[in-house]
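Undergrad: Below are the chains, spelled out letter by letter.
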Amino acid sequence: MVILEDLKKTFNPGTPNENNVFKGLSLKINEGDFITVIGGNGAGKSTLLNLIAGVFPVDSGRIILDDNDITHLPEHKRAAFIGRVFQDPMLGTSPSMTIEENLSLAYSRAKNISLRWGLNLYKQKLFKQHLSKIPLGLESRLKTKVKLLSGGQRQALTLVMATMKKPRLLLLDEHTAALDPKTAIMVNNLTEDIVYKNKITTIMVTHNLEHAIKMGNRLIMMHQGQIVMDIKGEEKSTMTIPRLLNKFEQTQGEKFANDRVMLA
Amino acid sequence: MWQSMILNSLEQGLVFGIMALGVYITFKVLNFADLTVDGSFPLGAAMAASLIVSGHSPFLATLAAFIAGGAAGCLTGILNTKAKISDLLSGILTMTSLYSINLRIMGQPNIPLLNQPTVFSLTRDFLIRFFPGFSDKYLYLFSFVILALLTKILLDTFLKTQLGFALRATGDNPQMIRAQGVNIEFAKIFGVALSNAFVGLSGALVAQYQGFADVGLGIGTVVSGLASVIIGEALLGEKPLFITTLGVLLGSFVYRFSISLVLSFRLAQASDLKLLTAIVVIIALTAPQIKKTIKISS
Numbered sequence: 001m002v003i004l005e006d007l008k009k010t011f012n013p014g015t016p017n018e019n020n021v022f023k024g025l026s027l028k029i030n031e032g033d034f035i036t037v038i039g040g041n042g043a044g045k046s047t048l049l050n051l052i053a054g055v056f057p058v059d060s061g062r063i064i065l066d067d068n069d070i071t072h073l074p075e076h077k078r079a080a081f082i083g084r085v086f087q088d089p090m091l092g093t094s095p096s097m098t099i100e101e102n103l104s105l106a107y108s109r110a111k112n113i114s115l116r117w118g119l120n121l122y123k124q125k126l127f128k129q130h131l132s133k134i135p136l137g138l139e140s141r142l143k144t145k146v147k148l149l150s151g152g153q154r155q156a157l158t159l160v161m162a163t164m165k166k167p168r169l170l171l172l173d174e175h176t177a178a179l180d181p182k183t184a185i186m187v188n189n190l191t192e193d194i195v196y197k198n199k200i201t202t203i204m205v206t207h208n209l210e211h212a213i214k215m216g217n218r219l220i221m222m223h224q225g226q227i228v229m230d231i232k233g234e235e236k237s238t239m240t241i242p243r244l245l246n247k248f249e250q251t252q253g254e255k256f257a258n259d260r261v262m263l264a
Numbered sequence: 001m002w003q004s005m006i007l008n009s010l011e012q013g014l015v016f017g018i019m020a021l022g023v024y025i026t027f028k029v030l031n032f033a034d035l036t037v038d039g040s041f042p043l044g045a046a047m048a049a050s051l052i053v054s055g056h057s058p059f060l061a062t063l064a065a066f067i068a069g070g071a072a073g074c075l076t077g078i079l080n081t082k083a084k085i086s087d088l089l090s091g092i093l094t095m096t097s098l099y100s101i102n103l104r105i106m107g108q109p110n111i112p113l114l115n116q117p118t119v120f121s122l123t124r125d126f127l128i129r130f131f132p133g134f135s136d137k138y139l140y141l142f143s144f145v146i147l148a149l150l151t152k153i154l155l156d157t158f159l160k161t162q163l164g165f166a167l168r169a170t171g172d173n174p175q176m177i178r179a180q181g182v183n184i185e186f187a188k189i190f191g192v193a194l195s196n197a198f199v200g201l202s203g204a205l206v207a208q209y210q211g212f213a214d215v216g217l218g219i220g221t222v223v224s225g226l227a228s229v230i231i232g233e234a235l236l237g238e239k240p241l242f243i244t245t246l247g248v249l250l251g252s253f254v255y256r257f258s259i260s261l262v263l264s265f266r267l268a269q270a271s272d273l274k275l276l277t278a279i280v281v282i283i284a285l286t287a288p289q290i291k292k293t294i295k296i297s298s
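Quick note, the sequences are listed as chains A and B, same order. So the first sequence is numbered by the numbering used here: it starts at 1 and just counts up by one. So the second sequence is numbered by the numbering used here: it starts at 1 and just counts up by one.
For reference, chain B alone in the conformation it holds in the complex:
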């Protein structure tokens, strides 16, 4: 039981970890509270599922989900910088519109992907040709490790470029970066778009992994992503960037593992999970302040 639980949590931790890396970009790097995620995650799933069902290549479908997520992020960024709507509200507006858009894309609230080709089934076919003994058991783990690490390395690399520096400084000190000649509107739009592209990718992969896309898939995504980021931070502390992003993936695994622990010991029902997640995030966010208060009073 333990073995399959850990395997499952690893798989989920990695595939949702890609989404958490997206959340890390907005919440931590850009300091932009972006709720688009709850809409761009199912957008990725919807995009991928409907393209696959209509006979397109799963790889193309996954790429389309990545781009669609980026477009959703762009919209939020534009609402915030050009229309001067607050970051929270911009995200909520995009997320709400995406609910209708996702239904339009799918044409129905749920698309099953049973017996459809997915990036994973194609990868398996490919691998079996070369390694006839390849065990199906580790197919997802294998794929997710590669995809999550690729995303992480892509993000690490990006954050070390000139544009990446500009993005980090935009979140850190917008006045300074304006004085350094960076168009912070562009930096914000780009950052939110990249974040949601990751989220869309994650949504597409989750749909193919779980075997369906559902319009309700996105509820609570941003909070679970935030929980992963915070757990990773708590576990590893303040470290260089490439360790921090590794921490996000680790946090995502710990988060998924805790959930399966809670469920398998029947400490809570599946329907309680969102509440528990929210409580975890609340505790994590208030802990530093409580610590401070205790220090001052003692």
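So here's chain A without its partners, still in its complex pose:
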């Protein structure tokens, strides 16, 4: 369970570029929730994930994960229980290292790394097993450098890396946005597969309304740093794009229009 309590965050305070992203954001994420997050530019979607992951500190408020206050924990320590996949397929992996070397880094994630071998037969067997669950044939290419993989293959690999050791929380930051539609579907299917099979609590930011409605058990819409819609249960499972847009107009009194949001 994750509790965000009255989070406040202002970028560049006291300058002409001051950007008051969160004026007090609270959210309770239940165990096993798969939340999709949508919202326009500057709504604070990515900032939300970055605050939870500890990329930058909050100004005030608390972040509580399983009864532990992690508000002031540095990013690399939070990695022990938070898995992440980024929008840019280049960001999640180390390009000049091989697939198995990248997986080894994920395997020893947030453990005390030592001078023990990075790879051994046991790990290689384990990595093969994990990779054989995704339909990309990567299990036979363990010694291939990651820079030779396509964007979709890298995102799939990053997803495997983020979930190999079950994280308490998985953060997906528009992780299919940079992929072509077909590959995006493949990565999304893989995401659902992994998340449901392992019952991983997940927050997925997306700009694709269709994905946001289809995936997960809960949909959050953000607008100007606030959660303006929180749809769950039956309402979520029967939601359609027109109804979603309609609801937004009713609650906000303005049209949900944005060039980056894909309506279909």
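To be clear, the hints were calculated from the coordinates, so they are not data collected in a lab. All C-beta atoms, glycine included, are put in the ideal place defined by N, C-alpha and C. Hints should not be assumed to be uniformly reliable.
[Claimed, not checked] Below are the EDC-like pairs computed for lysine to aspartate or glutamate, each with C-alpha atoms no more than 16 Å apart in a straight line: (1) K232(A) x D33(A); (2) K28(A) x D88(A); (3) K77(A) x E185(B); (4) K214(A) x D193(A); (5) K147(A) x E238(B); (6) K145(A) x E238(B); (7) K147(A) x D88(A); (8) K147(A) x D172(B); (9) K111(A) x D88(A); (10) K143(A) x E238(B); (11) K28(A) x D6(A); (12) K214(A) x E192(A); (13) K8(A) x D59(A); (14) K123(A) x E139(A); (15) K239(B) x D125(B); (16) K137(B) x D125(B); (17) K145(A) x E100(A); (18) K23(A) x D59(A); (19) K160(B) x D67(A); (20) K145(A) x D272(B); (21) K143(A) x D88(A).
[Said to hold, decoys possible] Per the computed footprint, the stretches of chain B lying under chain A, defined by three or more beta-carbons under 8 Å from a beta-carbon of chain A, are: (22) 150-162; (23) 167-175.
Using the hints provided, position chain B relative to the given structure of chain A.
TA: Just chain B now, kept in the frame of chain A:
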């Protein structure tokens, strides 16, 4: 003439190759432009020479140089990660401070090691006891081959450990490695320290090989190390790690050999060497871009 030229270049290539392996760690593995090298190299020489002259064992003196180099690297790493000073400036600050520190350690700008025991003289005494016919001619080559290969194997092994993986990923993609839970500040400090420990070791060996330590020994070290790394890369291309590190030693030999060629054919004066080295590095660094431009325009 050729024979002695090749022998000399091999000796120098190997002993300076240990320094080049250090430069490889920072510039290639960590992606950290570290100029500490110009200070940690003479630091190693100063440390070893002053300890030997004051009667300590040459082996102990060499070990002390290794540790001192590591400490200098630590300082640069801390300046960069904790004080948030850029990598270049951190290295320059350490290098500049080391100039004064090296003078303090030596107490004078130059320490001759004539008639002092060195790791090499001790090795010779040891070998002659078992192989009375051992030729002095190959003493240095023998020692350097062993030391350089040991360093190379140590580095190869290290880069295959969990910590080694973390270091490589830190240079490759810092954001990713943070998300994987690695403290990249620690990884950087460790990497720069290890690099400069190698450099300090190389400095200590060079002082004992040349028979003196001098405060000006370090000028241009980092550029020559970089030249070795680049030449090795150009000769062998992109290969598995253990071949790449072998390439660094090979590059170091080719670099030293080219210098002796240039000097023996009087194509340049000894004082021109730093300029030539810099030009070699500039050409090597710009060649890929020029190639690209030519490809695009044609």
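Undergrad: Each hint: holds or not?
TA: A quick look at each hint next to the structure:
1. A hinted pair counts as satisfied when its Cα atoms are at most 16 Å apart, and K232(A) with D33(A) qualifies at roughly 10 Å.
2. Of the pairs offered as hints, the one joining K28(A) and D88(A) is violated, with about 28 Å between alpha carbons and a cut-off of 16 Å exceeded.
3. A threshold of 16 Å between alpha carbons decides the hint, and for K77(A) with E185(B) the separation of about 13 Å falls inside it, so the pair holds.
4. For the hint pairing K214(A) with D193(A), the CA-to-CA distance comes to about 14 Å; that is within 16 Å, so the pair holds.
5. For the suggested pair K147(A) and E238(B), the alpha carbons sit about 13 Å apart, so the restraint of at most 16 Å is met.
6. Between K145(A) and E238(B) the alpha-carbon distance is near 11 Å, which keeps this suggested pair within the 16 Å criterion.
7. Among the hinted pairs, K147(A) with D88(A) is consistent with the structure: their alpha-carbon atoms are about 13 Å apart, no more than 16 Å.
8. As the CA atoms of K147(A) and D172(B) are separated by approximately 11 Å, the hinted pair is consistent with the 16 Å bound.
9. Pair hint K111(A) plus D88(A) does not hold up; C-alpha atoms about 26 Å apart against a cutoff of 16 Å.
10. Between K143(A) and E238(B) the alpha-carbon distance is near 14 Å, which keeps this suggested pair within the 16 Å criterion.
11. Distance restraint check for K28(A) and D6(A): the Cα-Cα separation of roughly 11 Å lies within the 16 Å cut-off, and the hinted pair is therefore satisfied.
12. Taking the CA atoms of K214(A) and E192(A), the gap is about 10 Å. The hint holds against a cut of 16 Å.
13. For the hint linking K8(A) to D59(A), the alpha-carbon distance of about 5 Å falls within 16 Å, and the restraint holds.
14. The straight-line distance between the Cα atoms of K123(A) and E139(A) is roughly 13 Å, inside the 16 Å bound, and the hint therefore holds.
15. At most 16 Å may separate the alpha-carbon atoms for a hinted pair to count; K239(B) and D125(B) exceed this at roughly 40 Å.
16. A threshold of 16 Å between alpha carbons decides the hint, and for K137(B) with D125(B) the separation of about 14 Å falls inside it, so the pair holds.
17. Of the supplied pair hints, the one linking K145(A) and E100(A) holds, its CA atoms being roughly 9 Å apart against a limit of 16 Å.
18. Annotation: proposed proximity of K23(A) to D59(A) holds, straight-line Cα distance about 10 Å (limit 16 Å).
19. Restraint check for K160(B) and D67(A): the C-alpha separation of about 38 Å exceeds 16 Å, so the hint is violated.
20. Between K145(A) and D272(B) the CA atoms are separated by roughly 41 Å; this puts the pair beyond 16 Å, and the hint is violated.
21. Under the criterion of a C-alpha separation no larger than 16 Å, the hint pairing K143(A) with D88(A) is inconsistent with the structure, at around 23 Å.
22. Under the rule that three or more residues need a Cβ within less than 8 Å of chain A, the assignment of the segment 150-162 of chain B holds, with 4 such residues.
23. Three residues within the 8 Å Cβ limit are the bar, and the segment 167-175 of chain B against chain A gives 5, so the coverage statement holds.
When held up to the earlier numbered hints, the structure conflicts with 2, 9, 15, 19, 20 and 21 and fits the remainder.
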